[in-house]
Structures are given as C-alpha cells and as structure tokens.
Amino acid sequence: MLMKIEKLIGSIGSEFDEHEIDVLLRRSRNRVDHALKRIRRPEAALGIVKSPLGELLVAITGRGIVLNHYLYDDDDLAVTIAKLRLELDLVEDRRTIDTVSGEIRRYLAGEAKALRHKVDLTLVASAFQKKVMHELAEVPRGAVVSYQGLGAAAGAPKGARAVGNAMHNNPVPIYVPCHRVIASDGGIGGYGGGIPRKLNLLRSEGFALAPTAVRLPDNVVWGHRGTKVYCRPNCRAVARADRASFLFFADAKSARHAGMRPCKICQPN
Amino acid sequence: MTLSKLHVPLPFNEIMQRHEREIMRYLLRVSGNREDAADLFQETWLRAYRAYPRLELDSEVRAWLYAIAANLCRNRARDRSRRARVIVSVEEKDPAGERTGSARREFRENDGYAAVRLSELVASLPAKQREALHLRCLAGLDYVEIAGAMDCSEQAARANVSQAIRKIKSLW
Numbered sequence: 001m002l003m004k005i006e007k008l009i010g011s012i013g014s015e016f017d018e019h020e021i022d023v024l025l026r027r028s029r030n031r032v033d034h035a036l037k038r039i040r041r042p043e044a045a046l047g048i049v050k051s052p053l054g055e056l057l058v059a060i061t062g063r064g065i066v067l068n069h070y071l072y073d074d075d076d077l078a079v080t081i082a083k084l085r086l087e088l089d090l091v092e093d094r095r096t097i098d099t100v101s102g103e104i105r106r107y108l109a110g111e112a113k114a115l116r117h118k119v120d121l122t123l124v125a126s127a128f129q130k131k132v133m134h135e136l137a138e139v140p141r142g143a144v145v146s147y148q149g150l151g152a153a154a155g156a157p158k159g160a161r162a163v164g165n166a167m168h169n170n171p172v173p174i175y176v177p178c179h180r181v182i183a184s185d186g187g188i189g190g191y192g193g194g195i196p197r198k199l200n201l202l203r204s205e206g207f208a209l210a211p212t213a214v215r216l217p218d219n220v221v222w223g224h225r226g227t228k229v230y231c232r233p234n235c236r237a238v239a240r241a242d243r244a245s246f247l248f249f250a251d252a253k254s255a256r257h258a259g260m261r262p263c264k265i266c267q268p269n
Numbered sequence: 270m271t272l273s274k275l276h277v278p279l280p281f282n283e284i285m286q287r288h289e290r291e292i293m294r295y296l297l298r299v300s301g302n303r304e305d306a307a308d309l310f311q312e313t314w315l316r317a318y319r320a321y322p323r324l325e326l327d328s329e330v331r332a333w334l335y336a337i338a339a340n341l342c343r344n345r346a347r348d349r350s351r352r353a354r355v356i357v358s359v360e361e362k363d364p365a366g367e368r369t370g371s372a373r374r375e376f377r378e379n380d381g382y383a384a385v386r387l388s389e390l391v392a393s394l395p396a397k398q399r400e401a402l403h404l405r406c407l408a409g410l411d412y413v414e415i416a417g418a419m420d421c422s423e424q425a426a427r428a429n430v431s432q433a434i435r436k437i438k439s440l441w
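Sequences listed follow chains P and H, in order. When we follow the numbering used here, the leftmost residue of the first sequence carries the number 1, and every step to the right adds one. When we follow the numbering used here, the leftmost residue of the second sequence carries the number 270, and every step to the right adds one.
Chain P on its own, in the form it takes in the complex (with noise of 0.2 Å):
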C-alpha cells in the first residue's frame, strides 16, 4: 500500500505520454519564438584576440565589430563578459574574432586601409557620445584633435571633460579611433589602454612620437576644419582662429591628403 501511493505520486499526469508531449512542444516552439524575436539581444560573436597591442577582447555583430576590449586579467574578463551578456546573445567563434588580429597588425605596420570592420556603436549607451564618437570618425589617419575640438564639432564647445568621458567608455578602440584625441596644450591626454599604446598608434600613423613623449612634437601642422587651410603653429592666421576648429596633422603631407591646401601667409611646405 505504502508503495503504491509513491509510485501513484511518480504516475500523476503520466497519462501524457512522449507522443502527446511532442505534439504539443511542435505548436509551442513557434509560439515561443513569435513571443522571443520581440524581446531577442542582438548576437555576437565573441573571441580573445591577440594583438601587438596585446590581448583583446573583441565582439562582432552583423552589423560589425561591437566590442574592442584591452583585456587586464581574468577578474576584467569576467566582469567584461558578464557585462556584455545583458546586451548581447554571446556566441564563441574564433574564425569570425580572428580577422581582427590580422586587420590591427596591418594597420600597426603602416597599412591605412587595414581597419575594414565596420563599428556597431550598440554599446554606447548616451545619444551625445555616439554624436562624438560620429565627429570622430571625421578625424582622418594621420591628425590628432583636441577633446575641445572634438565636443565643439559634436555641439558641445564647453564639453571636454564630456568628450574625455565618451572616449573612456569607447567599447571599440582603434576602430573609433579614440587615441586620436588629445588635450588642447598639445599634451598626450589619457587613454584607456594606457599611455604606450596610444603613442603606439600614433607612431603608426605618422606621428614622430618617443616612446616617453608627453606632448605631441613640435613640427606639426594646424589645419583649420571650416577653411580647409593648414598652416604652422605661428602663424598669425593661427593666431586670429578659434583653436577648438584645429585639427593637428602629423605633417604637411597628411594635412594635403586630408584635402587640405596649405596657407598662403605662412607657406608650411
């Protein structure tokens, strides 16, 4: 008696049976889906990557790379990952991720076109950093802007410490291309990877930077956004200028490449 009522509990509803419970998951499983497509996280890709900058964690979505982390330890992976899950569906795929080495080891070498992944700014949660992060994509290879140049071009001439904000929370470096602002006074300014690695890609992109530099070097030239005219520090059309409107080209040539035409006054050829 005592065991039939436990092997009576083991049988309560076993009256459906796995046909029953197949039939019922095949009209589920749509429903299911309809209900979830509403409420789906985008997917990503997500992979190590390594890198002469050292290692990397990258995420790709279909509409392009996502996430370009400088990795620290394992306690920063944990923390990045568990992040990263609450906006996107995570899938491990190292084929799509390894592209990535390739395309930051190419540009490190001098390639101006290695960066071929689009940028996916989901990650960017405020609409004035995504405006900034736009501006910057308009900061050709090759010239550095200030964080005041760069917030009065997104609208927000008072919003350096703003702009110095949107770039320490850049999910994607290198791809928007963060370590191409500095401060005003031509010094280095931060960066998120650490110093050495911005002077890395500055170097890269032309700039003649010592592994121990601190301000950008002093043959520079200014190009002004709204002339189109790039001139040397001193001269006096420099002068009469708003400063936040410069750019700073690693040299003349980049300035005439950024469809630039040098200025007539102080002739920097």
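Just so you know, the hints here were simulated from the structure itself, not pulled from any lab data. Since this is a predicted model, take the numbers as computed values, not measurements. Treat each hint with caution, since some may be false.
Some chain P residues flagged as far from chain H (calculated, every beta-carbon gap over 12 Å) [stated by the list, open to error]:
#: 1; residue: 82
#: 2; residue: 95
#: 3; residue: 101
#: 4; residue: 108
#: 5; residue: 113
#: 6; residue: 115
#: 7; residue: 121
#: 8; residue: 135
#: 9; residue: 156
#: 10; residue: 157
#: 11; residue: 225
#: 12; residue: 228
#: 13; residue: 262
#: 14; residue: 268
Stretch-level coverage of chain P by chain H, calculated; a stretch enters the list once three of its residues show a Cβ under 8 Å from a Cβ in chain H [to be verified]:
#: 15; stretch: 24 to 38
#: 16; stretch: 45 to 52
Here a beta-carbon is modelled for each residue, glycine too, at the ideal position from N, C-alpha and C.
Let chain P serve as the given structure and place chain H on it in line with the hints.
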C-alpha cells in the same frame, strides 16, 4: 599576461533545445492540461531568456529552469484559487468542500478514482511541500537540484518531500 581560457555562456537556444522536453513534461503533469502547459511553457522561456544574462556562469541551469517553471505554476495556482474563491462567495456554496470532504474509501483500490483522490491530496499540501514533491516525483530532480530550484537547503528539500509523502499516506 596569460589569460585562462575564455568562458562563454552557452547560447540560450542550446539550453532551450536541451531542456524544452522535460520542462514541457513537467508543466503538463503539474498543470494537468494542455492549454495551461502551453501557456506556462511560453512564459517559462520568456522569463528564462530575460533573466539569462544575470545567471552566473557556473550555476545549475536545470535547477534554475525548474525554479522558474515552478514559480509560474505556483503563481497560476494562486490566481486560480483567488478567482475560484470569488465565484464561490458570489454563489454562496462550497463545491470544493463537497468534493474533497467525502473520501469514498470503497473506490480506493480503483486506479481511476485513486488518481483523482491523489491529485486532490497533492493539491491540499502546503505550497512548498507540493512543489518539492512535484520536482522530486514528476521532474525527477535530485535533492541538490531541488534545493537549487527552491532556493533552500538540501535538508529542507528532503524534509519537504518526505513530509509531503507522509501527509498523503496519513490522509489516504
């Protein structure tokens, strides 16, 4: 710096494929009808999907899924009983008491009746004991998993199941 191997969480679809059948079986057997089971099945996976990013990487997925399913079953049972109470109070009678009160012992050995009587008894158990009993006997979880699903100690899980069985036996 050498990093330990990258530990990527299982894709949610894979978890679904792995566990959908047993979850459906559990829901069917607990709810006792197809419509409820289908509803609860959808709700279980929606909730699981929403909560999945916050599930720690090394936790028991199976127990976690059963926890969601069991919570939903409990909520549904509670909503049912509330609605039933309203209807009863309006009509001013007590059909539930009528049915459960009279244990027709002469039919006890009849399997068909035994099943009805048994589900009544299970339904009359306190929620925790009923849930533990379901997880143990219908889903076949072990006590560690039940403890994980019900967020209690293994001993408590064991006690809930054994008390449930003892109570049913004594009322039989």
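Cross-check of the supplied hints:
| no. | hint | verdict |
| --- | --- | --- |
| 1 | 82 | violated, 8 Å |
| 2 | 95 | holds, 14 Å |
| 3 | 101 | holds, 14 Å |
| 4 | 108 | holds, 19 Å |
| 5 | 113 | holds, 29 Å |
| 6 | 115 | holds, 23 Å |
| 7 | 121 | holds, 20 Å |
| 8 | 135 | holds, 32 Å |
| 9 | 156 | holds, 33 Å |
| 10 | 157 | holds, 39 Å |
| 11 | 225 | holds, 40 Å |
| 12 | 228 | holds, 44 Å |
| 13 | 262 | holds, 46 Å |
| 14 | 268 | holds, 43 Å |
| 15 | 24 to 38 | holds (count 9) |
| 16 | 45 to 52 | holds (count 3) |
Violated hints amount to a single one, hint 1; each of the other numbered hints is respected by the structure.
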